[in-house]
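Asker: Guided by the hints, dock chain B onto chain A, whose structure is given.
2 protein chains.
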Amino acid sequence: MNPVLIEVLRGDAVESRHAGAVAIVDASGAVHTALGDVDRPVFPRSAVKLLQALPLVASGAADAFELTDAELALACASHSGEPEHVATAAGVLAKLGLDATALECGTQWPSREPVLRGMVARGEVAGPLHNNCSGKHSGFVCVACLMARNAGTDPAAFARGYVAAEHPVMREVSAALSAATGVDVERAPRGTDGCSIPTFALPLRSLALAFARAGTGLGLADANARAARRLREAVARAPFMVGGTDRFDTRVMQAFGEQLFCKIGAEGVYCAALPALGLGVALKIDDGAARAAEAAMAAVAQALLRVEHDVLAGYSHLVLRNWRGTAVGALRPAQALARALAAPA
Amino acid sequence: MNPVLIEVLRGDAVESRHAGAVAIVDASGAVHTALGDVDRPVFPRSAVKLLQALPLVASGAADAFELTDAELALACASHSGEPEHVATAAGVLAKLGLDATALECGTQWPSREPVLRGMVARGEVAGPLHNNCSGKHSGFVCVACLMARNAGTDPAAFARGYVAAEHPVMREVSAALSAATGVDVERAPRGTDGCSIPTFALPLRSLALAFARAGTGLGLADANARAARRLREAVARAPFMVGGTDRFDTRVMQAFGEQLFCKIGAEGVYCAALPALGLGVALKIDDGAARAAEAAMAAVAQALLRVEHDVLAGYSHLVLRNWRGTAVGALRPAQALARALAAPA
Chain A
1 MNPVLIEVLR GDAVESRHAG AVAIVDASGA VHTALGDVDR PVFPRSAVKL
51 LQALPLVASG AADAFELTDA ELALACASHS GEPEHVATAA GVLAKLGLDA
101 TALECGTQWP SREPVLRGMV ARGEVAGPLH NNCSGKHSGF VCVACLMARN
151 AGTDPAAFAR GYVAAEHPVM REVSAALSAA TGVDVERAPR GTDGCSIPTF
201 ALPLRSLALA FARAGTGLGL ADANARAARR LREAVARAPF MVGGTDRFDT
251 RVMQAFGEQL FCKIGAEGVY CAALPALGLG VALKIDDGAA RAAEAAMAAV
301 AQALLRVEHD VLAGYSHLVL RNWRGTAVGA LRPAQALARA LAAPA
Chain B
1 MNPVLIEVLR GDAVESRHAG AVAIVDASGA VHTALGDVDR PVFPRSAVKL
51 LQALPLVASG AADAFELTDA ELALACASHS GEPEHVATAA GVLAKLGLDA
101 TALECGTQWP SREPVLRGMV ARGEVAGPLH NNCSGKHSGF VCVACLMARN
151 AGTDPAAFAR GYVAAEHPVM REVSAALSAA TGVDVERAPR GTDGCSIPTF
201 ALPLRSLALA FARAGTGLGL ADANARAARR LREAVARAPF MVGGTDRFDT
251 RVMQAFGEQL FCKIGAEGVY CAALPALGLG VALKIDDGAA RAAEAAMAAV
301 AQALLRVEHD VLAGYSHLVL RNWRGTAVGA LRPAQALARA LAAPA
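Note that the protein sequences, when read in sequence, are chains A and B. Here this note's numbering is used: the first residue of the first sequence is 1, the next is one more, and so on. Here this note's numbering is used: the first residue of the second sequence is 1, the next is one more, and so on.
Only chain A is shown next, with the shape it has when bound in the complex (with noise of 0.2 Å):
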């Protein structure tokens, strides 16, 4: 069992218990915090975007089809389906001659409900443009086109079945992943991802591992080491995109710049790069929820960037109110998270 990470209060007392485990590592994959079974492979998830859309900019498609800052920074995204997300995802459909047809992440509602709800007053219904990973799933897109330019082929028909894991898209962004965390994935636990590409379990040394390499480039093949730094900056420079309104990765993001890359994966994952501490986090909840994700991101954050910030405690210790605003309790770090993150280094 790994230790309670966070802490779940109802006005004096616990009454929720997360548990999970923490990896933080440098480059060259030494520990610089280990707390709970970080050997376990997990499934990261989206929490892995970055690290997924490097084939994106090492294979040339992001010059070929000149993507802006926006445009990668969505495509490391789980975006809230917003009017600018969906736009800019419908923009690099445009850009290959192509539209949301082409997406083959499945339909789904923006998760930010007023959004929704004002869709619903307009009576629009969603599409795959709405569905969280449609950026990531743009640049899969963009990478076959190129693939099809340079075969000489039809882009469309080429795409076409992007998700499965023998087409040719989805194997380079399989090397992309075993190149980064040193794990073949091929011979890892393999899932389906919500937006149907295969998901491998990989261990959160390994995870942790890829981002301290994506965040100083050491480790990695030069074209993929210069497609992380460009991905990093175009996500510090477009924070919105890469999640939306309220989201923890954008304010984060918004209020750190280049000192942190942090995403959140589903089922309670987080990956993070501190790229100028030359660090690599990886976390998972083991009972899967985004609250506590979020909270042990943001106390591992506050950690080791040796700041208290209002964003990031207000993660860490989220007040929770009820149905008329009454504060009724909070989440709070464990002790074992706490004392983890205290120890020197």
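Because the hints were derived from the structure by calculation, they are not lab data. Fair warning: this is a prediction, and the values are worked out from it, not measured in the lab. Glycine included, each C-beta is placed from N, C-alpha and C at the ideal position. Treat the hints with care, as some may be off.
Unchecked claim - Looking from chain A toward chain B, a few residues come up when the C-beta cut is under 8 Å (computed):
1. 15
2. 193
3. 230
4. 245
5. 259
Unchecked claim - Here are a few chain A residues that face chain B, going by a calculated C-beta distance under 10 Å:
6. 4
7. 10
8. 18
9. 39
10. 64
11. 65
12. 68
Answerer: Chain B only, in chain A's frame:
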């Protein structure tokens, strides 16, 4: 640490884990099953609404205001805010000569998504009647109105502030909880619930005892025993009221009638009574996840009722689908839970 009760699979690999504890006892307090720490206090939240509704019947208020089965079932409900729920709560208040302004539960939009979208499309806004607790609160107001009538004072003025622990209505509710659980709740850790009334942290063992008593009448004062029976019968006759479309409690009680009374609470709590078996059940998922609470309750119900039933299996082995509708994983009872439930009573 409590044992893992429910595992979440993605492909063939365990992606997430939900730990927790389960107490199953009879009305004498004899333990049928105890898995995990059943003596640690947990906030039962809405799982004890049947107990909180005992004064509504025992005081004579239900008779005085001629409450129907549907209205009594709604008093035990965490409903989805569907039109029938809203109309039924409004009907109770109308019998008192009052309206939604008497409710102190706060505003909540319907949890049932199509209902919410229909309201948004029609330009409607939510109010306290849509709050999942509006039936319980309407019941509290009934008790207040009977008290006011008996005291010869203005009902609306008397009812005001009924959510406070020291209000005469809430004192009755706390007394009913103490009597049923055998724990003096005034000495228990206290928090404020989502609907603004007090919630008291009590051991699962005591909560299970209360439901064994509520299912059998054994160990309760006559008035409370009769009240519990009437409430259980009302819910069995009007199970839609206790939850709503596609809700666990509604579907299970539609299928099993008076064989099984069950009620979910926030933060991963479930309580149940199996009158014919003389057993009460209380469980808590440590991390607060509803999906795991439902899966665990379904596994418990299958084991105790010795049935295989599609509705229960659909929760204990819930299939997880992605945005394209592809089955990507499933829940399942973990070994510790399966073993505890397989052991002879």
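Asker: Work down the list of hints and note, for each, if the structure agrees.
Answerer: Cross-check of the supplied hints:
At about 5 Å, the closest approach between the beta carbon of residue 15 of chain A and any beta carbon in chain B falls short of 8 Å, and the interface hint on this residue holds. With 8 Å as the threshold, the beta carbon of residue 193 of chain A comes within range of chain B, its nearest partner Cβ sitting at about 7 Å, so the hint holds. The restraint placing residue 230 of chain A at the interface with chain B is violated, with a minimum CB-CB distance near 29 Å, outside the 8 Å limit. Restraint check, residue 245 of chain A versus chain B: the minimum CB separation of about 18 Å is more than 8 Å; hint violated.
Of the supplied interface hints, the one on residue 259 of chain A is violated, with its beta-carbon coming no nearer than about 30 Å to a beta-carbon of chain B, more than 8 Å. The criterion of a C-beta within 10 Å of any C-beta in chain B is met by residue 4 of chain A, whose closest approach is roughly 8 Å, and the hint holds. Satisfaction of the interface hint for residue 10 of chain A is found here, the shortest Cβ-Cβ separation to chain B being roughly 4 Å, below the 10 Å cut-off. For residue 18 of chain A, the interface hint holds, since its Cβ comes within 10 Å of a Cβ in chain B; the closest pair sits about 5 Å apart.
With its C-beta approaching chain B no nearer than about 15 Å, residue 39 of chain A sits outside the 10 Å limit, and its interface hint is violated. Interface restraint check: residue 64 of chain A against chain B, minimum CB-CB distance 29 Å, threshold 10 Å, status violated. A hinted interface residue such as residue 65 of chain A counts as satisfied when its beta carbon comes closer than 10 Å to some beta carbon of chain B; here the least separation is about 25 Å, so the hint is violated. Proximity of residue 68 of chain A to chain B is violated relative to the hint, the smallest CB-CB distance being about 26 Å (cut-off 10 Å).
Checked against the numbered hints above, the structure violates hints 3, 4, 5, 9, 10, 11, 12; every other hint is satisfied.
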